[in-house]
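Visitor: Below are the chains, spelled out letter by letter.
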Amino acid sequence: MSAPVRTPPAATGTEPKLFTRNATGLVRDLSGKQQIVWNWIAGAPPLGLAFGVFVGLTAFPGGNVYLGLLLTVPMALAFCYAFGLLTSAMPRSGGDYTLVSRTIHPAIGLAGSFCMVLAQALGIALIGGLLFVSLGVSSSLATLGLVSGNATLLEWSATVATSKGWQFAIGAAVMILGGGLVALGWRATKRLMFGLLAFSLFGLLVSVVVALFTSRSEFASAFDEFAAPLTGAGGAYEQTITTATEAGIDPSPGFSFANSLPLVAIFSSFGIYAYITSYVGGELRDGSSIKTAHRMAAAALIGIGSMALFIAIFFRSWGSDFITAAYGGGLPAELGITPTYFVLTSIQLDSTVFAAFQAVAFLAFPPVLVAYLLVMISRIMFAWSFDGLLPAKIATVSRHNAPVVAIAIATGIALLFYVWVVFAADNIGQVIAITTMMQLIPMALVGLAAVLIPRLRPQLYRAAATTRTVAGIPVLVLAGLASIVSAAILYFLYFDEEYFGLGDPSAFFALAVGTVAAGVIWYLAAKAIRRREGVDLDLVYKELPAE
Amino acid sequence: MTEQVWDPAVLELSDELVARATSEGATLRALGGVGIALRCPSARDGSGLARRFSDVDFAVKAGEQKATTAAMGALGLEPATRFNATQGASRLLFERADGLHADVFVGRFALCHELPLARRLGVDDRTLPLADLVLTKLQVAQLNRKDVTDTAALLLDHELTEDDSGINAAYLAGVLAGDWGWWRTVTENLATVRTMVASLPVPPDGQAVVERRLDELEARIEAAPKGARWRLRARIGERRPWRVEPEARA
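The listed protein sequences correspond, in order, to chains G and D.
One point on numbering: in the numbering used here, the residue at position 281 of the first sequence is 281, and numbering is uninterrupted.
One point on numbering: in the numbering used here, the residue at position 50 of the second sequence is 50, and numbering is uninterrupted.
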């Protein structure tokens with residue numbers, strides 16, 4: 001029952017090989033395949049396709065989505081290899097906090113991870129709250145109401161779309177549900193998350209397959225037939241394009257390279273986070289091997305590649321001009337729907353049962369993402385607690401080994417942000433941009449750690465899965481440099497494009513500087529308190545504790 | 001890890017921990033070398049198959065981690081806090097001041113192969129059932145001398161039976177009939193044990209007993225009806241990995 005040490009005694013004659021082992025072995029929880037899926041969840045294809053991708057068509061006319069996705073690939077890979085290779089050197093929980101605090105300085109690591117926790121809590125508020133309610137619940141009720149002819153459902157849809165109270169109540173319920181999912185314990189959480197994810201992706205795949213076997217004329221005809229009783233006229237498909245055109249949207253613009261670049265900023269909001277297993281680094285099978293980084297890269301490539309494939313299928317079946325016009329506000333007002341993939345497929349098939357299936361499948365995804373982000377935050381808090389920056393109570397686990405205290409705190413922070421998102425924020429695009437930009441701070445710091453580790457922590461660097469060089473420069477350093485450059489490009493795009501609502505960056509900078517300062521102050525205060533207790537916090541960061 | 005000299009106090013400690021865990025509400029059972037020594041006279045001090053213990057291994061039901069931690073703490077075994085917080089859904093680690101380690105498998109035994117234990121923990125009052133002790137020894141990808149010695153002790157001291165009064169051959173064969181990977185590893189290791197028996201410090205009549213029971217066990221394993229899943233996996237054979245390689249936990 002012990003771990004194999006690969007030094008079998010020399011076998012002689014017919015004597016079978018026997019081995020020696022020093023300690024009981026260990027099989028860590030997240031297998032290779034699960035790691036790829038875990039990292040891939042961050043790409044969030046259902047949400048990306050429902051919201052991110054097609055919104056960019058109207059915001060940046062002429063922008064080529066495939067080029068935008070292609071340009072996102074090197075950025076995604078840079079972050080994957082910076083995180084992945086550093087994690088192979090330090091396979092411990094905590095992600096950016098652990099990697100930066102052990103390489104550069106604990107205060108910088110803590111400051112960066114404060115930004116990460118804030119970004120993830122905002123992400124939970126956005127995904128589990130607002131997008132779930134507006135894209136999911138409201139659209140699903142509207143579609144079901146239209147397909148089944150049930151006026152009550154249509155009324156409920158309108159209520160949910162307009163009532164901030166309902167938006168908060170439903171979103172908060174999803175966040176608490178996500179917290180409850182994680183509180184069931186790691187095994188149950190994994191099982192439920194993978195189950196809900198599979199169901200949600202099945203819904204998406206059904207939509208894609210239906211589109212694959214539907215010609216544009218067939219879709220247009222089905223859409224016209226569905227809309228006719230509601231609009232009192234035929235030709236709703238063409239009318240959608242006409243209405244958008246009259247409103248100033250160009251549904252068939254020529255190619256624009258300049259407008260393809262900002263699409264990278266939109267795609268980065270879901271396409272560059274395939275490094276998430278770094279946060280459960282101690283739970284990865286083969287965590288100290290190069291496979292850790294390759295699995296992140298594989299997840300990023302599968303995520304972006306599948307996104308491109310699905311877009312191509314939807315464009316061919318529904319028409320890119322129709323999709324652009326629909327997202328640009330051209331749909332008949334009588335329909336009152338958001339043209340997400342599951343809505344359009346439900347309309348095409350005009351079946352109540354199918355519409356219900358598609359709605360439930362889509363609604364299954366946000367709780368998965370909420371639970372996933374809560375696991376990530378709880379692991380960061382664990383790492384803080386283990387290092388003595390937070391009370392040990394934070395790392396308390398339930399009888400099912402669920403980090404209940406950390407989950408409760410993370411859910412509470414997310415709910416506070418959700419109050420702001422629902423009742424105070426007036427530009428959701430801006431909130432998404434701020435969330436991404438806050439997250440880019442620790443991501444860039446991990447890039448910096450990758451650049452500096454050969455110089456600052458040579459022993460740790462030698463423990464990384466590879467110390468290969470290209471033109472004399474370590475691969476890890478190159479990945480780190482590429483991460484920093486990627487973060488800088490994204491910052492430029494967010495500030496440069498009016499669409500993201502950051503024309504006056506002072507609010508963002510106040511938030512970023514305030515969060516970083518809070519992290520540094522927290523570290524200094526914790527260090528002083530621990531010193532009084534006879535603990536030198538600086539020494540904690542010189543080692544990697546067993547995990 | 002400190003190599004412990006054979007010490008009957010470790011067996012006593014195991015029994016104390018099991019009793020303490022029971023009082024805390026946990027179904028803790030010993031396995032590994034200590035578990036086998038508790039069940040096999042030939043693996044105890046003064047006998048040919050006695051050996052040193054490098055650590056003490058246990059299994060407990062999922063959801064009983066807190067009670068287990070309390071029991072360990074009461075007897076001077078401190079939890080590996082960081083490890084237990086992140087890995088405690090499947091594994092717990094404890095260490096005594098003198099360097100003795102205790103490993104606890106939670107809910108299932110998972111190394112090269114996985115063995116669900118929830119329904120098996122109540123069979124015996126001190127250890128895993130004998131058949132499970134055999135399986136946990138023979139599931140390793142790289143058998144060592146301790147595994148061979150422990151397996152021989154189990155086969156020497158216990159009959160093959162149809163229930164858990166001895167080595168439950170029906171249950172054991174059933175586990176292997178349900179999973180080709182399990183079957184592949186165990187049958188390979190049984191062959192190794194057979195080859196090594198002669199080199200063990202067991203009297204000739206004892207060796208004959210072990211060999212006879214090996215014959216019986218192999219026959220039971222081969223006779224057990226295999227399902228469609230087993231046969232499909234068998235057709236793929238060794239072209240795909242059939243077991244997990246555990247990593248070293250120093």
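Note that these hints are calculated values from the structure, not bench results.
Incorrect hints may have been included.
[Unchecked claim] If you want the ones that stay clear, here's a sample from chain G, every Cβ over 10 angstroms from chain D, calculated:
no.: 1; residue: GLY25
no.: 2; residue: VAL73
no.: 3; residue: SER93
no.: 4; residue: ALA392
no.: 5; residue: ARG457
no.: 6; residue: GLU547
[Said to hold, decoys possible] Label-pair distances were calculated between CB atoms; the ranges are:
no.: 7; chain 1: D; residue 1: ARG145; chain 2: G; residue 2: LYS33; range: 49 to 55 angstroms
no.: 8; chain 1: D; residue 1: PRO241; chain 2: G; residue 2: ALA151; range: 54 to 60 angstroms
no.: 9; chain 1: G; residue 1: GLY195; chain 2: D; residue 2: GLU162; range: 34 to 40 angstroms
no.: 10; chain 1: D; residue 1: ARG243; chain 2: G; residue 2: SER217; range: 53 to 59 angstroms
no.: 11; chain 1: D; residue 1: ARG145; chain 2: G; residue 2: ARG399; range: 55 to 61 angstroms
Cβ atoms here follow ideal geometry from the backbone N, Cα and C, with glycine treated the same way.
Visitor: Now tell me if each hint is right for this structure.
Guide: Checked hints:
no.	hint	verdict
1	GLY25	violated, 3 angstroms
2	VAL73	holds, 30 angstroms
3	SER93	violated, 5 angstroms
4	ALA392	violated, 8 angstroms
5	ARG457	holds, 20 angstroms
6	GLU547	violated, 5 angstroms
7	D:ARG145 to G:LYS33: 49 to 55 angstroms	violated, 35 angstroms
8	D:PRO241 to G:ALA151: 54 to 60 angstroms	holds, 57 angstroms
9	G:GLY195 to D:GLU162: 34 to 40 angstroms	holds, 38 angstroms
10	D:ARG243 to G:SER217: 53 to 59 angstroms	holds, 54 angstroms
11	D:ARG145 to G:ARG399: 55 to 61 angstroms	violated, 39 angstroms
The earlier numbered hints that this structure contradicts are 1, 3, 4, 6, 7, 11.
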